[in-house]
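Since the structure of chain A is already known, use the hints to place chains B and C on it.
Residue strings, one per chain:
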Amino acid sequence: MNKTVIYGALTIAGLAAGSAAAATLDDIKARGTLNCGVNTGLTGFAAADANGVWDGFDVALCRAVAAAVLNDATAVEFIPLTSQTRFTALASGEIDMLSRNTTWTFTRDVDLAFEFTGINYYDGQGFIVPRELGVASALELDGASVCIETGTTTELNLADFFRVNNMNYEPVPIATNGEALEQYGAGACDVYTTDASALAAARATFEDPSAHVILPEIVSKEPLGPVVRHGDNQWGDIVRWTLNALIAAEELGITSANVAQLAADGTDNPEINRLLGVEGDFGAMLGLDNDWAVRVISTGGNYGELFERHIGESTPIGLARGLNAQWTDGGLLYAPPFR
Amino acid sequence: MSDTHAQTVAYVRETMLPQQEPPMTQSGAVRWMRENLLSSPLNILLTVASLWIIYLSLAALVPWILNSVWDARSLSECRQVFLVTGAPGGGGACWAVLQERGIQLIYGFYPADLYWRPNLTFLLFFVAIAPVLYPGLPRQMLWFTGIYPFLMPWLLWGGSFWVPLLVIAGLVVGYAVWRVLGAVSGLLAALAAIVAALVWWLAAVPALNDGIHRLSAESRTATITAEAEARIERLRPRLADLEAQRESLRAEVSALEAIKAEAYAPITEAVEAARAAAILAYFEERGLDPESEEIGPTQRENARHEARAAASAAAEDPALADERATFLAAVDELTTLRNEINRLSSQITLMSADISNADSRLTNLAVMPERQARLTELRAMEAERLALVPRALRDLRRVDAAPAGTDPADLDALRALLEVRGEMTTLTNALNATYKDAGRIGLEPVQDREFGGFMLALIIGLSGIILSLPLGILLALGRQSDLFIIKAICVGFIEVIRGVPLIVWLFTAQLLLNYFLPPGTNFSLLLRVIIMVTFFASAYIAEVVRGGLAALPRGQYEAAGALGLDYAKSMRLIVLPQALKISIPGIVNTFIGLFKDTTLVVFIGLLDPIGLSETIRASTDWQGIYWELFVFVGLMFFACCYGMSRYSLALERKLSREHR
Amino acid sequence: MTTTTEPRSGGFRLSQLLYDTRYRSITIQVVALGLLVLAVYWLLSNTVENLEALGKDFNFGFLAQPASYDINQRLIEYDSRSSHGRAAIVGMLNTILIAVLGCIAATILGVIAGVLRLSKNWIVSRLMGVYVEGFRNIPLLLWIVLIFAVVSESLPHPRAYGSGEVDLWLGSVAMTRQGTWIPAPVWGAGSTALLAVFVLSLAAIWGFRRFARRRQAATGQILPVLWVSLGLLVLPTLIAYFLLGRPLTLDYPEPRGFNFDGGVLIRNSFIALWLALSLYTGAFIAEIVRGGILAISKGQTEAAFALGLRPGRTMNLVILPQAMRVIVPPLISQYLNLTKNSSLAIAVGYMDVRATLGGITINQTGRELEGMLLLGLFYLTLSLIIAGFGNLYNTSVKLKER
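For the record, the sequence lines run as chains A, B and C. So the first sequence is numbered by the working numbering: it starts at 1 and just counts up by one. So the second sequence is numbered by the working numbering: it starts at 1 and just counts up by one. So the third sequence is numbered by the working numbering: it starts at 1 and just counts up by one.
One chain only, chain A, in its complex shape:
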C-alpha cells in the first residue's frame, strides 16, 4: 500500500510537473486504497470502535465499493468529515467518494458539480418532543424553541416549514448531533429536529425513551446517498451499480450466506447469473472483473442484511424498513435491472 510520509510535502514540484487528470478508478488502484468520506460520528451510520475500526450503514457502502474495486473490504481510508467540510474535501479530490448521510438536492447536484449516484436511505426531517408537553402535531409548535444541527439542510427546511405554516419559532443552532442531544435532554429547547433516522437513534439512548415522542409529520424529503465528483462517469457508474447490486441482491434473494454457492453453481434466474458474473461480462464493462458483485455481497451481505445489522429493528436504534423496504414490499427501493 502506498503510504505518504510527511516528506510528501516536498514533492509539490514533482507533482505539479506532470499532473494531467487521471481516472479515479486508476488512481484508486494505483494507490491501493479507497478514500471514503464519512461522518465524524453518527450512531448506526458511521462510528469508530475501540480499535479504530469504522463501522456503520454508510461505512458498509464504502467497504462494498472497496471490495468491488480492490478485492479488499478493509482497503478503505475513512476520512471523517463535518457537515461543513464534506463538499470541499470531495471537490478537492481528497476523497474519492462521500458516504456521509448527504441529502440529494438540486443545487448540490448541479451547482456544486457533484453527482449523487443513488439513494441508500430515504429519510425525512422529523421532530422529537418530550411527552409531557402534550404536543401531538408539528403544527402545534408555534413559539417553540427548536434545536438544529447547523450547516445542514434541516436548517433550511425548518425555516421553510415554519414560514409556510405562518408560525414563529426560536432556532437554537448547535454544532454537532451529540451536543444537540445533550441540550435537548436538558430542556434547553422544546423540540429537536433532524433526520428521522437520527431521531430514532437518539430516542433509544435517553434514560427514559418513553418520555419522548417523535411527531408524525415528516417535513422534508431527505434522500441520502453516496456522492462523487462530476466528470468521471466510469467511477460514478461503479459507485452507482455497487449500491444497485446490494439492493438487487436483496430483491433476488442473494445473501452473504448463499452468494458463493449461487456464483459457483449458477442458477436458473438469468438476472442473478448476470449480476454474479456467471453470464455476460458486466464487470468488464465497469472496468472491473466479473466477480465484483460477488465480493460486494459477500462483504457484509445484501442491502437488507446491512440494514438489519447496523440500524434495523434488532439494534438499539431500531429503525423499521418503512420507505426503505423493497418496492415489492411497499417501499421505495427499486434497483434498475441488471440487463
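None of these hints come from the bench; they were simulated from the model. Fair warning: this is a prediction, and the values are worked out from it, not measured in the lab. Treat the hints with care, as some may be off.
[Said to hold, decoys possible] Not everything, but these chain A residues come out facing chain C in the computed CB check (under 10 Å):
#1 L133
#2 Q183
#3 H230
#4 L332
For glycine and all other residues, C-beta sits at the position ideal for the given N, C-alpha and C.
Just chains B and C, lined up with the frame of chain A:
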C-alpha cells in the same frame, strides 16, 4: 559567665522560666484565622462567600464522583448498575467509558503495536530540549537537538531510514554552498545557500528517494516476495486461531448475558413498582391527578426525585441480595470478557491489515515488469503524439483550456496526448507506490488518519513551535530591520496572521489551501493544518523574539559593531544567543497557548481529544455520555499546561536573577 | 571595513551592489520585493487555474441572494428571505456585541480577581488562584461547552414559570434553561425628548467635572464632584420623565405557550459564550493586574503617605496611573484575543459572523474563497481598530523623556 552573675547579683533569676503558651486569641489556628480570614467586615464577607462557593462546587461534584461505576460495557449498563445498587440520586459518573476508550483518547487510532514510537518520540523530545534548558549539560548534545526535528516525523510517520538523512543533507548542501561563496560575498552566499537547499529539497530529494526505493525494490524483489509469502503463510493460521478464540469468548458472553438478564429482571421489576408507587403517592399527597396537564415540570421533577429514594430503597431490599450479587458479578465478568475480546480484535485487525498489505505487495510486484514495459511504450507514444500538437498547446493540462477557435484537429491531437499523459501519471504513481512499499527499509508507515487524541494535539503543537522558530526569528529580525521594504513585509505578515482568529486560518487550511497550490497538489489535512499552524505560531514567536531583542541592552549591539562584526556575525554570535535565552519563557507560553488552541481542529474534522469524544459518543454503547469525557480531557490538558506554565515561571525567575 | 577616506566618487560599478553598504541594502530590498511579487503571482495564478478547473468564478453576487435560513439573535431587521449579505452583517453585529460586552465583563472580573489574589485572606486568595490557574490551563473550547451545559441544566425550565411553580424575579426577569427573559423597553411618544435630556445631562456632568478640576488646580478648592454628578445623572431625566407623561414603559415577559410572551430574550448561547469568554480572559487579566500592582515599588506608597495623602488618593493619584502603564498594553492584547476567540461561538451555536457568513452561507453557496476572504478582512479590521486604540493610549501615557 551567667554563673558568676547568678552568684553575685541576687535579684537575677537563676533559671529560665518555662515558656508560656501565648493567649488563645494570639496563637495557632485562631490567630491565623483572625488575621487571615476575619480581619475586617469585608474580609468576613469574602470568606463566607468563598466558603459558600466551595461548598456549592463540592456538593455538586463529590456525590457524582463517589457514586461512579468503573466496570460496565455501555452507558445503559452503567445505568443498570446504578439501578441495581440503588445509587443515591440516580447514580454518578460512568468512568467505564475510560476503561474502554481512555487509550484511544491518548493515542487516537495509532496502531497499538507501534505505541512505542510516539512514546520514544516524546522521551527523545526531552533529551533534545534538555541542553537548551539546562546550560550545564555538555554542548555536544545540541547536535541531537538539531537532528531531532528530522527524526521526529520519521519516528511518528515511519518510512525508509534514508528519508530523514536526505532531508538533512539539504542543510549540508546549503552550508557547502555558503562556505564556497562566502569568500565572494556574504549576502550572495546566503541567498545561494537558501536556493541550493530548496532545490535539493524540492527536486533532488523526491527523485533520489524514488530512485533509492526503486533500486532497493528491484534488487531485492525475490527476497521481498519470499518474505511476503512466508508472512502470509505464517499469519493466516494465527489469524484463524485468534478468530476462533474470539468466537469462543463471544459464546461465553451470550451465556453470561442470559444470567445477567435473569438476575436483573426481578430487581428492575421491584424498583419500577416502587418508583411508580412513590410518584402516585407524591401526587396523591398533594391532591393532584398525575395525568393532569396542569402539573408543571418542576413538580414532576420533584416527584421523580422522591421516587428515586423509593427506588434506591427497593433496590437495596435484602430479599434481592442474591440477584444483586449475581448481576454485579456478571457485569464484572462481562467487562473483563469485553476487554479480552477488544484485545483480540485489535490483534486481528492489525494482523489482517498485515496480510492484506503483504497480499497487495505481492500483486504489485507481480505486475511490476508488465507496468514498466507499458510505461516505456507510453513514453514512445507520448513523444509521437507530442509532435502532432502545435507548440502553443503543448503545455495545456485540459482540452477546454485551449483558446477558442483552435483547429479541431489540433484539439484531437491534444486530447490524445493528454490521454497518454494521464495514463502515464497513473502508472508512474502506481509504480512509485510499489517501489516505496516494497523497497522500504525502516519503520512501518502510519497514515495521517490514524493520528488522534492527545498525541495529535501534542504533535500539532510541537511541530508548530519547532517549525515556526526559524521563521519567527527571521520575522523578528526583519521587523527590527532598518530596511523599509523588509520591515513592511514582516510587519504586514505578522499583523495579518495575528489579526485573524486561528479558527479562520484552520478553515482556510481545510477549504482554501488547495486553491493556492499548483493544480493536482493534494496533501493530507493534517499536513495542511501543521503548515497553517506553523505560520500562525511564527507570527507569535516573532513577537516574543522581538521582545527578547528589545530587552537586550543597546550596548550589546554596539559592542558587536565595535568589534567589527558584520550583521550576520553579530546576530549569530552576540545578539541572538542572548535574546533567545530571554525569550524561552515566552516561547513556552506561546506553546501552551498553541497546545490549548489545537482543540479547534475538531471543527475541521480532525480527531483531537474533543473530536474523539464526539466519535465515542456516536457509538451505540456510549451515546449520551458527556461529562466523563470532558472531565478526563480537561484534566489531561490541565496537567500538561499547568506543569509547563510552572516551569516557565521558574525559568523566568531564574533568568531575571541572572540578568541582574 | 570603515575607513576615514571619502568614498570614491568615481563611476558606479556593479560589484558595489554587493559590497557597498549604501547600495547593498537596496539590493536586499529589491530582491525581497521581487520574491514577494513572485510568490503572490504564483499563488494567484494557481488560484485562477484551480478555480477554472473546478468551473467556479470569483464573484460576490451570492451576497445579494436570499439566505433562506433563520438567525435567532438579530440586532437589525432580518428574516429568512433577507440576503446573504444582510445575514453577514447580522453576524458581524453579533460578533461585535459579544466582543464589547465580553471585554467589559472580563475587565471587571479580572481586576477583582487580580486584587483578591493579592488579598491577605487565605481562602479568598487561594480560591482566586484556583480560578486563574484553572481557566488559564484548560482550553477555552472546553470551558465554553461546559458552561453552556451547566447553564442549560441548572436553571429552571420555562414551563416551570407557566405552571406557577417559580415566580419571575421582581416580577420581570425569568432565568430559564432556554434563556433569560427581561423586560423590553417600549419607546412611546416623547421618548426622543427624554433621550435628549439624558444626553444633555451627561454632557453637563462632563462639563462640571472639567470645571471642578480647573478650579482645584487654580485654587486648591475641592468640589463635591461625585454627588453633583450623580444628581445631574438622575434628576433631570427623572423630572423630564414625569413631565413628559412617562413616555418610556417596560414590556414585561408573560409566561405563555411554550415559553414567554413579550420581553426580550437573552439566549443561553449568548450567556454561556459571554460568561466563558469573560471568565477565561478575566483569568489572564487577573494575572496582568496582579503583575501591574506588584510592579510598583513599595517606596511609591510610602512616599505618598509621607506627603500626607490618604490611602484612597494614594491609589488614585500615585499607584494606579503608574500601574496602568504596565497593565494597559497586555490588556489590549487580551481584548484582541477575546475578540478573536469569540469565533468559537460555533461551539454553542451563537450566530456570530463565522457562523453566518463563514458557516452557513459558505456551506449553502459553495463560495468558500469569497466568504473566507470577507471573514478574514472583517476580523483583521476589527483587530486593527482595537490595536489602534491601544496604541493611542500608549502614546498618551508614554513617559515624556526630557
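Against the structure shown, which of the earlier numbered hints fail to hold, in ascending order? 4
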